[in-house]
Amino acid sequence: MGNRKQTIVVRIEISTLLGSNGKISPKKMDRLAMVITNLHNSGKHVLVVSSGAIALGAEKLKLHNLPDNQVDMQATAAVGQAELIRCYQRFFDDYNQIIAQVLLTSDIIDYPQRVENTRNTFNTLLDMSIIPIINENDPVSTIDIEFDDNYPLALIVADIAQADFIVIKMDLNGKYLVVPGGNHTAMVVDGETELQEKIDAFCQVLVPGDIDRDMQFPSSIGEIFFNS
Amino acid sequence: MRGVKMDYREVLKNKHRIVVKIGTSSLSYPNGRMNFHSIEKLAYVLSAVRRRGTQVILVTSGAIGVGAGRLGLTKRPQELAKKQALAAVGQAELMKIYQRFFEEYNQIVAQVLLTKDVVVIPSRNQHAKRTLIKLLEMDIIPIINENDTIATYEIEFGDNDTLSAIVAALVEADLLVMLSDIDGLYNADPRTEGSAEIIHSVLEITPELEQLASGAGSSFSTGGMITKIAAAKICLKDGIDCLITSGSDPAILFDVLAGKEVGTHFVAAKENTAYHA
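Respectively, the protein sequence lines represent chains A and B. Following numbering that gives the first Met the number 0, the numbering of the first sequence begins with 0 at its first residue and continues without gaps. Following numbering that gives the first Met the number 0, the numbering of the second sequence begins with 0 at its first residue and continues without gaps.
Bear in mind the hints are in silico, worked out from the structure with no lab data behind them. Just so you know, even glycine gets a beta-carbon here, dropped at the ideal spot from N, CA and C. You may find that some hints are simply not true.
The calculated lysine to aspartate or glutamate pairs, modelled on EDC-like cross-linking and capped at a C-alpha distance of 20 Å, are [to be verified]:
#, chain 1, residue 1, chain 2, residue 2
1, B, K128, A, D67
2, B, K95, A, D126
3, B, K74, A, D126
FRET-style restraints, in silico, Cβ to Cβ [said to hold, decoys possible]:
#, chain 1, residue 1, chain 2, residue 2, range
4, B, S213, A, N40, 43 to 53 Å
5, A, R118, B, I120, 15 to 25 Å
6, B, E260, A, S19, 58 to 68 Å
7, B, R75, A, G18, 57 to 67 Å
8, B, D188, A, P25, 50 to 60 Å
Kindly generate the complete structure, drawing on both the sequences and the hints.
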C-alpha cells in the first residue's frame, strides 16, 4: 500500500438531496459539497456516484410524472444529466473544488480496455485533486434502467477505483451505511445474475453491528474512515 | 448533360433533420480560450433553426480544451490519461456553457456521450437512436460528444468528423453540416495558389478528389480535410447530403439552409440520380 491514499466511493441517491417540494435543496447540496470537499481535503481520494439525471430532467421538462418507460427515461436522463452536473459544479465551486463528470454503463466490466482507461482517468483526476462525479450513461444504455438505483454502479466504481470503502448510504439525518472495500469489492462479475448475487452478498455484510447509526451528519464523516 | 444546369443547393432549403458538427477551432480563440461570442451565436442560430421546424443535433468538440482552461493549463497534455481526465472536467464545463447560452433562447438541450459500440453495433445502436429521436420529437437539441473518459481516445471514432457522420446515418438525418476552420474544399492550396477556388458541389468522391484532400492543400485545416472527406463518404453512402464550410460565423447555417452557394456540398445520391435521369 505504501503511501497510497485511502480511496472512498460515496454513493448519493438523489432522493436524499431533495427538499419537501421535490426539488433539489440548495441547503442539502451545499452541505454535501462541503462534506465531500472536506473529506477530500483531509487527504482521502473521494469519488462520488450520484443518481439524479432522470429526476432533474423531469423537473427541467416540467413533467408532472416521472417517466415510466425506457425511452422516456433515457431522453429525460439526457436532459437531466447536464442539469445534475451543473448543479454539482455550482455547489462545489463555492468550496473551490473542481469536479469532473464520468458517465459509465454497467456493461463496462465486459470491456477490460475501458475498465483500464476509466481506472487511469480516475487516478489522474484524483492525483489532480479533482473529484469525479460518476453516473450511469442512461441515454445510451442497452440494459433496463432502474430509476434512482445506482447501487450496482457504486460497486462497479469501487471495483475499478480499488476503493477501500464505499459509503452506501448517507442520509442527511445522520445515518450511514459503510462497506469496507478490499476483498468485497474485488468482483469478477459475469452477467446480471452474478452481479445481483454480489450485491446480495454485500448486503449481508451490512449486519446492524457494521452500521454506525449514531454518526452525525456531516461533521464526523471522516471518523468512520479514521477509526476503521 | 451540361445543358441543364441543376441547382443542387435547392434541396438544402427543405431539410427536416440536420446534424451540425462544430470543431474546437470554431469554439475557441487560437490561444485556447473559449470564444463565448461564437458559442452564443451558435446557440442563437441552432435555436432559430429548431424553432422554424427543423430538427437539430449538435456534435461538439472542445471538452479537452475547456478542461485545460478550467485547470489553468497553458498547454494541452499529450498523455492519454491526462487528456481523458481533462475531457471529464471539460465536458461538464462545456455543457454548462451551452446550457447557459441555449437558455437565453429558451431552448432545452440534452447531453449524449457516445462510445462506438452503442452507435455502430446494430443490435445495440437502436437504444441510442431511439433516445436521440425521442429528444428531437420533444423539441430538444441533443448535444453529442464522444465519451472520451472511457473510450480509448483517438482509437474509437478517431475524430468528431467521423462521429458526426455516424450519428447522421444513425438518426437518418437528411443533412450533415461540418463547421470548421476552412470554408470548403479547394481545387488547389489557396495559400500558395492565388487561383485556387472552392469546389462548390461534389457529386462523387473520386480518388482524384481524395488525393486533392490529402495533398498539400489539406494542411490548411487543423482538423484535416481527409477526415471530412471520410465523413462525407459515410453520408453519401446513406443518401445524406453533407456540407463543409467555415464555422467562424455560425450564422452561415442560415445561408446553407437558404440554398446559398457557400462551402462545399457533397450531393447525396437521390439528387444525384435525379440529375442523371
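Here is how each hint holds up against the structure:
no. : hint                           : in the structure
1   : B:K128 with A:D67              : 19 Å, holds
2   : B:K95 with A:D126              : 24 Å, violated
3   : B:K74 with A:D126              : 18 Å, holds
4   : B:S213 with A:N40: 43 to 53 Å  : 52 Å, holds
5   : A:R118 with B:I120: 15 to 25 Å : 24 Å, holds
6   : B:E260 with A:S19: 58 to 68 Å  : 59 Å, holds
7   : B:R75 with A:G18: 57 to 67 Å   : 41 Å, violated
8   : B:D188 with A:P25: 50 to 60 Å  : 56 Å, holds
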